[in-house]
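K.L.:
Keeping the supplied structure of chain A fixed, place chain B upon it in accordance with the hints.
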Amino acid sequence: MRLALYIGRRFLFLIPQVFLISFITFVLVRLLPGDPARLSLGPLAPESSVEALRAKMYLDRPIPEQYVIWLENAFQGDLGESWVNNTEVIDDLVHRIPVTLELIFLSLLVVFLVLVPLAIITASRTRNWIVRVFQNLTFGYGMLAGALPDFLLGLVLIFFLFAGAAGLMPAEILPGPEGRLGILDFEPPFVTGSILIDSLIAGDMEIFWSGFMHLIMPVFTLAFVYGAPIFKMLRSQMEGALKADYTTYAEAVGLAPRIVLTRAARVAAGPTLVITGVVVMFLLGGAVLVERVFNYVGLGQYAINGIVTADYAPIQGFVCFAAIFTMLVYLAVDLIHFAMDPRIKIGGTQG
Amino acid sequence: MALLTVENLTKIFTVGKDEDLIAVNNVSFTLERGETLGLVGESGSGKTTVGRCVLRLIEPTEGRIALGNQEISELDPAGLRALRARMQLVFQDPFGSLNPRLTVYQTVDEPLALHGVGRADRRPRVGAMLERVGLSTDVFNYYPADLTASEQQRVGIARALVTEPEFVVLDEPTSMLDPSARAEILDLLKAIQSETETAYIFISHDLTSVAKISHRIAIMYLGHIVEHAPTDIIMESQRHPYSRALLSAVLFPDPHRRPDPYVIEGEIPTAINPKPECPLYGRCPIREDACREAVPPLVEVEAVHYSACRRWDDVAASMADARGAA
Chain A
18 MRLALYIGRR FLFLIPQVFL ISFITFVLVR LLPGDPARLS LGPLAPESSV
68 EALRAKMYLD RPIPEQYVIW LENAFQGDLG ESWVNNTEVI DDLVHRIPVT
118 LELIFLSLLV VFLVLVPLAI ITASRTRNWI VRVFQNLTFG YGMLAGALPD
168 FLLGLVLIFF LFAGAAGLMP AEILPGPEGR LGILDFEPPF VTGSILIDSL
218 IAGDMEIFWS GFMHLIMPVF TLAFVYGAPI FKMLRSQMEG ALKADYTTYA
268 EAVGLAPRIV LTRAARVAAG PTLVITGVVV MFLLGGAVLV ERVFNYVGLG
318 QYAINGIVTA DYAPIQGFVC FAAIFTMLVY LAVDLIHFAM DPRIKIGGTQ
368 G
Chain B
-1 MALLTVENLT KIFTVGKDED LIAVNNVSFT LERGETLGLV GESGSGKTTV
49 GRCVLRLIEP TEGRIALGNQ EISELDPAGL RALRARMQLV FQDPFGSLNP
99 RLTVYQTVDE PLALHGVGRA DRRPRVGAML ERVGLSTDVF NYYPADLTAS
149 EQQRVGIARA LVTEPEFVVL DEPTSMLDPS ARAEILDLLK AIQSETETAY
199 IFISHDLTSV AKISHRIAIM YLGHIVEHAP TDIIMESQRH PYSRALLSAV
249 LFPDPHRRPD PYVIEGEIPT AINPKPECPL YGRCPIREDA CREAVPPLVE
299 VEAVHYSACR RWDDVAASMA DARGAA
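Going line by line, the protein sequences match chains A and B.
All residue numbers for the first sequence refer to the working numbering, where the first residue is 18 and numbers rise by one.
All residue numbers for the second sequence refer to the working numbering, where the first residue is -1 and numbers rise by one.
Worth flagging that the hints you see were computed from the coordinates, not collected in a lab.
Note that the Cβ used here is the ideal one computed from N, Cα and C, for glycine as well.
Hints are supplied without guarantee of correctness; some may be wrong.
What follows is a list of derived Cβ distance ranges for each label pair [claimed, not checked]:
1) B:R62 / A:I361: 44 to 50 Å
2) A:A273 / B:S41: 31 to 37 Å
3) B:E195 / A:G25: 54 to 60 Å
4) A:M357 / B:P274: 50 to 56 Å
5) B:D136 / A:A21: 27 to 33 Å
Under 7 Å between C-beta atoms, here's a sample of chain B residues computed to sit facing chain A [what the hints assert, rightly or not]:
6) L53
7) R79
8) R82
9) D91
10) G94
11) L96
12) N97
13) R99
14) P109
15) Y141
Residues from chain A that face chain B, not an exhaustive set, calculated with beta carbons under 10 Å [claimed, not checked]:
16) E223
17) A261
18) D262
19) T265
20) Y266
21) E268
22) V270
23) A273
24) R280
25) R283
26) V284
Here chain A stands alone, though its shape is the one from the complex:
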């Protein structure tokens, strides 16, 4: 009951925040240089038709009035139209958000399946040869992943695996950077927007497999680069917890080594969770270069194209979605935190 109340309150706070963010974005994009009407008609069009188009786009009205019009439409589920692509922004978002979310969540999954156990193993104070080997490996990883831009890793992978004579990987095994599916593959009917889920719903294992193979490279790239802060945070927190006096005490009182490790991991989980939330939110727009390199038509590309072409509605739509998504991630992080840490009381004085 308290939890429901808390979540309800958080959602209530979401509303003014989204309003404010959408308004600020609305004003800011209109301060960008470039006249969309002129851009749309080209330099040779007569001033009168540009004026007419500007009026059609409501650009001749004061900004507050434009915002009210946008808001009225938004409440009816209409986020405007992309002037460049002549598509409905809401449709674009519905199709592109799942692409990026699929990448983000699969990358996180890889991070949690591979890097999290590695961080715990390498933080452990037992010093047998297995731990040592992992420590040496991950030392190199920590150095590399902190310094390597994501798109560069993607390009290097593409070069070594597929490019010309250096191409080590036969396309039958791992497909090249051709997007979400092969050229001859048909997209499964749209249900959730995720290739993996939609192909399973359609029962098409061939497409599922193709989608899976196409996901390997971008997911690996993202997990490798953006798993690093999560990995480093978890490992240093684990090391700290294992060095702490309460761990020495746990050993002195006779707790089993496995429980000692679990407890340290619980203490270390808090800060790791926070940084994971930050990484997820960054990936929403920050994965754009990786999307580009692997030909994924995701959200990041959509937003960047909108900015480059002074296409107001897509930018506005993206920012609003990003704001809502960010708040939801924060909420999720907080809720997991509550569940894990008995010291934090929901709705308590610390809240």
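P.N.:
Showing chain B alone in chain A's frame:
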């Protein structure tokens, strides 16, 4: 028979290729039921390592440790875990030693649960223990961060004593507390000892605290015990130049006590690959060539007074001179 016997305890840490840090060097002592042994020395003298080795939280390199007729140094991990209820540890940092996610009650309950005490029996014992250390029932469900340092340390003491251990290693338990809290904790420890006959190894660099609680004091330097005697004897008359310098640096709140400055120049040297000579040789004001030939053994130079100085009688003479002059 002594409650705890430590014989020829040595701990060597390998710090590099051909570099051995001898943290504890051939240390022997005994501890009787209900007794407190003060272990005094500067940082790096090996006193904390001795405490951890005795509990086998650090594996000793050599030496024998026996609790009654139970050889601690030969136990396997399972046997050691079973014995953990009989020997406990209190830390210097009261907050860092408490798991931040366990409440006061859970913290003190845990060792009992681990050592197989049933839930129904635990409740009154935990409650009584917490009350004994002076914590009211209001704080039972608090987390460590909600308590003052003094209260945190009381939880640490309750947790260590709740299984009724035969001896407790107190590793600088008062050094992070303010003076009034320090005195309270020392009084509490003494009161509990007189009721339960728990033996303490009290590790500290604070000589006034050590003198207040210990029956005997062993002074450590560079991994060696250099002098060892009952508290009242060693506080009055030292038989080793290092202890003399150490004690002359302590300010006692006593207007009749004349200051007796006795200075040893230099810093504590490294314990990496030490030469087989008196550990104080490089700094000693009364050294002679014979001191370089071997590590001088700890011998009983006067009744129940042990010193590892070949020239202990010169230390005694110089102390008598200083007193006479004053």
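K.L.:
A separate judgement is required for each hint: does it hold in the structure or not?
P.N.:
So, going through the hints one by one against the coordinates:
no. : hint                        : verdict
1   : B:R62 / A:I361: 44 to 50 Å  : holds (48 Å)
2   : A:A273 / B:S41: 31 to 37 Å  : holds (33 Å)
3   : B:E195 / A:G25: 54 to 60 Å  : holds (59 Å)
4   : A:M357 / B:P274: 50 to 56 Å : holds (54 Å)
5   : B:D136 / A:A21: 27 to 33 Å  : holds (30 Å)
6   : L53                         : holds (6 Å)
7   : R79                         : holds (4 Å)
8   : R82                         : holds (4 Å)
9   : D91                         : holds (6 Å)
10  : G94                         : holds (4 Å)
11  : L96                         : holds (6 Å)
12  : N97                         : holds (4 Å)
13  : R99                         : holds (6 Å)
14  : P109                        : holds (5 Å)
15  : Y141                        : holds (5 Å)
16  : E223                        : violated (49 Å)
17  : A261                        : holds (6 Å)
18  : D262                        : holds (4 Å)
19  : T265                        : holds (6 Å)
20  : Y266                        : holds (6 Å)
21  : E268                        : holds (6 Å)
22  : V270                        : holds (5 Å)
23  : A273                        : holds (8 Å)
24  : R280                        : holds (7 Å)
25  : R283                        : holds (7 Å)
26  : V284                        : holds (7 Å)
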